[in-house]
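Basically this note's numbering = 1-based index in the sequence shown + 44.
Keep in mind that a hint or two might mislead.
Said to hold, decoys possible - Here are the simulated DMTMM-like cross-link-like pairs (lysine to aspartate or glutamate), alpha carbons at most 20 Å apart as the crow flies:
1. Lys-564 / Asp-519
2. Lys-336 / Glu-219
3. Lys-138 / Asp-65
4. Lys-353 / Glu-381
5. Lys-275 / Glu-237
6. Lys-293 / Asp-65
7. Lys-217 / Asp-206
8. Lys-72 / Asp-116
9. Lys-275 / Glu-260
10. Lys-255 / Glu-183
11. Lys-457 / Asp-402
12. Lys-134 / Glu-219
13. Lys-343 / Asp-252
14. Lys-288 / Asp-105
15. Lys-217 / Glu-260
16. Lys-481 / Glu-341
17. Lys-285 / Asp-179
18. Lys-564 / Glu-421
19. Lys-217 / Asp-133
20. Lys-288 / Glu-237
21. Lys-457 / Asp-508
These are calculated hints, taken from the structure and not from any lab test.
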Amino acid sequence: MAGYILALDQGTTSSRAILYDDHARPIKMAQQPTVLKTPQAGFVEQDAQQIWQTQISCAHDVINQAGLLATDVSSIAITNQRESIVMWDKQTGKPLAPAIIWQDRRTASYCEALATENLTATPQSGMVSNNSQGDMASEVQRITGLRLDPYFSASKIAWLLDQNPKLSVRASKGEIAVGTIDSWLIYKLTGGEHVIDVTNASRTLLYDIHKLAWSEELCARFGIPMNILPKVLPSDGDFGKTKKGLFSKQIPIHAVLGDQQAALFGQGCLETGMAKNTYGTGCFMLMNIGQKPLLSEHKLLTTIAWQRKSAPTRPDNLSFEQIVQSGRRMLQPPSREVTYALEGSVFMAGAIVQWLRDNLGMFQKSGEVEDLARQVESSEEVVLLPAFTGLGAPYWRSDISASITGMSRGTTKAHIARAALEAVAYQTYDVLIAMQKDSPHPLTELRVDGGAANNDLLMQFQADLLNVPVLRPRDTEITAKGAALLAGLKTGLYDDTTMKASWQVDRVFEPNMSIDVREKHLYKWQQAISRALIVP
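Please work from the sequences and hints to get the whole structure.
Written as structure tokens, this is what we have:
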């Protein structure tokens with residue numbers, strides 16, 4: 045079966061489109077940057093219209109670069125930055141406010157008030173009123189598997205409605221729509237479909253991961269009308285076709301996955317206990333925990349990894365003769381099987397390197413950080429604590445600020461660069477320790493992807509800290525591939541053989557650090573963390 049999958053990869057700092065052939069090999073890629081805006085402290089925004097325009101431009105560009113026509117494309121797959129939200133007019137399709145990005149912390153006081161006071165807060169002031177019952181933080185985790193944190197979508201939506209009473213009135217009348225980035229792209233691609241994939245829904249703080257439905261209770265607690273939320277579909281659901289005139293033919297959208305779930309799928313982590321870490325703007329470790337949600341006791345997240353259509357099965361594994369005699373249906377209809385994952389989210393990874401590049405001017409290109417860091421044998425006593433937007437898992441402290449400690453007169457920018465790379469690995473170590481406490485499955489290897497996975501110095505240090513092999517695939521742009529693979533499996537373009545063949549190892553980083561040296565490194569990091577957590 046011939047054909048191509050067009051994967052749209054909408055990330056925090058760029059939009060990309062990649063074409064995959066019938067063997068899941070990337071043929072061409074087009075990429076355009078998007079602009080992050082920080083109008084005031086804690087605010088991180090993007091122009092939703094720019095997100096759409098760059099994404100559709102990349103889609104057209106990559107088809108042209110490959111010398112193909114839209115008629116050659118059998119399916120579209122979408123993967124996207126999660127938790128970020130867009131609110132738009134249902135009639136005109138125009139954004140009603142800037143997109144609020146996952147890194148945004150404007151609702152920190154609001155979430156803190158909800159979590160600590162057992163009361164209801166307002167997004168603007170963070171003040172509380174006495175009209176609520178129960179422990180909101182515990183309820184949020186029980187229902188959604190997440191933590192009550194501004195990182196997720198709910199408080200962002202609540203803030204928009206609270207800030208602008210006119211929007212709130214229009215929301216009550218059903219005149220506006222809200223969704224994560226996948227919803228926004230699908231709406232623009234199809235010309236009106238208001239839907240969301242289940243993995244993105246599970247990141248909103250409004251979705252019940254047990255009942256697989258929007259939580260009426262949480263929507264009410266956040267003051268969000270349910271009629272503005274999109275319809276939730278499985279990851280390999282039918283998301284509609286592109287509207288007429290957008291391409292030379294209407295192309296169906298067959299797969300949607302949040303970026304980290306797409307990476308888990310693309311890394312081939314289909315068995316319980318397998319894990320991957322993506323080194324992008326942030327750093328995200330996910331472990332497949334199977335088909336039953338396991339709530340973390342160590343401040344990690346439980347999230348939906350994907351929901352797929354299963355193959356039809358014989359009822360109760362009966363023989364053909366038994367089925368005939370019983371009069372039951374020959375095949376049970378396919379079900380929608382849900383796979384869950386434990387996740388540890390680190391807010392700053394590649395973004396630390398961007399900060400060194402853009403704010404401190406240490407180098408011109410991010411790839412130059414490794415050469416700079418190699419100019420010294422160690423970071424000595426320097427520790428960079430990258431809490432630029434607070435600390436994520438397993439600390440979840442939005443009140444912590446970034447710092448560089450342990451410097452002396454002999455400290456150079458090479459020491460700081462090396463400390464920056466080490467900070468990424470240290471944060472991953474903290475997440476892994478928490479994950480191992482939650483999961484009965486010991487980690488035997490870590491599969492890695494993302495831009496910073498190409499940094500050999502960082503990958504070796506990561507293997508040394510974790511004391512397990514770190515496996516880097518040949519194709520580290522695994523996020524788009526994960527969504528493309530799911531679309532290909534849905535359409536029949538790919539099969540399990542394609543899935544296995546698509547993942548090939550480029551290099552294995554074996555741990556070779558002594559126990560004493562490892563303990564010294566970890567002690568240095570833990571001392572820095574301990575000092576930071578004691579906030580006056």
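Status of each hint after checking the structure:
{"no.": "1", "hint": "Lys-564 / Asp-519", "in the structure": "violated, 34 Å"}
{"no.": "2", "hint": "Lys-336 / Glu-219", "in the structure": "violated, 37 Å"}
{"no.": "3", "hint": "Lys-138 / Asp-65", "in the structure": "violated, 34 Å"}
{"no.": "4", "hint": "Lys-353 / Glu-381", "in the structure": "holds, 6 Å"}
{"no.": "5", "hint": "Lys-275 / Glu-237", "in the structure": "holds, 9 Å"}
{"no.": "6", "hint": "Lys-293 / Asp-65", "in the structure": "holds, 19 Å"}
{"no.": "7", "hint": "Lys-217 / Asp-206", "in the structure": "holds, 16 Å"}
{"no.": "8", "hint": "Lys-72 / Asp-116", "in the structure": "holds, 14 Å"}
{"no.": "9", "hint": "Lys-275 / Glu-260", "in the structure": "holds, 14 Å"}
{"no.": "10", "hint": "Lys-255 / Glu-183", "in the structure": "holds, 14 Å"}
{"no.": "11", "hint": "Lys-457 / Asp-402", "in the structure": "holds, 14 Å"}
{"no.": "12", "hint": "Lys-134 / Glu-219", "in the structure": "holds, 6 Å"}
{"no.": "13", "hint": "Lys-343 / Asp-252", "in the structure": "holds, 18 Å"}
{"no.": "14", "hint": "Lys-288 / Asp-105", "in the structure": "holds, 18 Å"}
{"no.": "15", "hint": "Lys-217 / Glu-260", "in the structure": "holds, 18 Å"}
{"no.": "16", "hint": "Lys-481 / Glu-341", "in the structure": "holds, 8 Å"}
{"no.": "17", "hint": "Lys-285 / Asp-179", "in the structure": "violated, 43 Å"}
{"no.": "18", "hint": "Lys-564 / Glu-421", "in the structure": "holds, 15 Å"}
{"no.": "19", "hint": "Lys-217 / Asp-133", "in the structure": "holds, 12 Å"}
{"no.": "20", "hint": "Lys-288 / Glu-237", "in the structure": "holds, 14 Å"}
{"no.": "21", "hint": "Lys-457 / Asp-508", "in the structure": "violated, 24 Å"}
Hints 1, 2, 3, 17, 21 from the earlier list are contradicted by this structure; the remaining hints agree with it.
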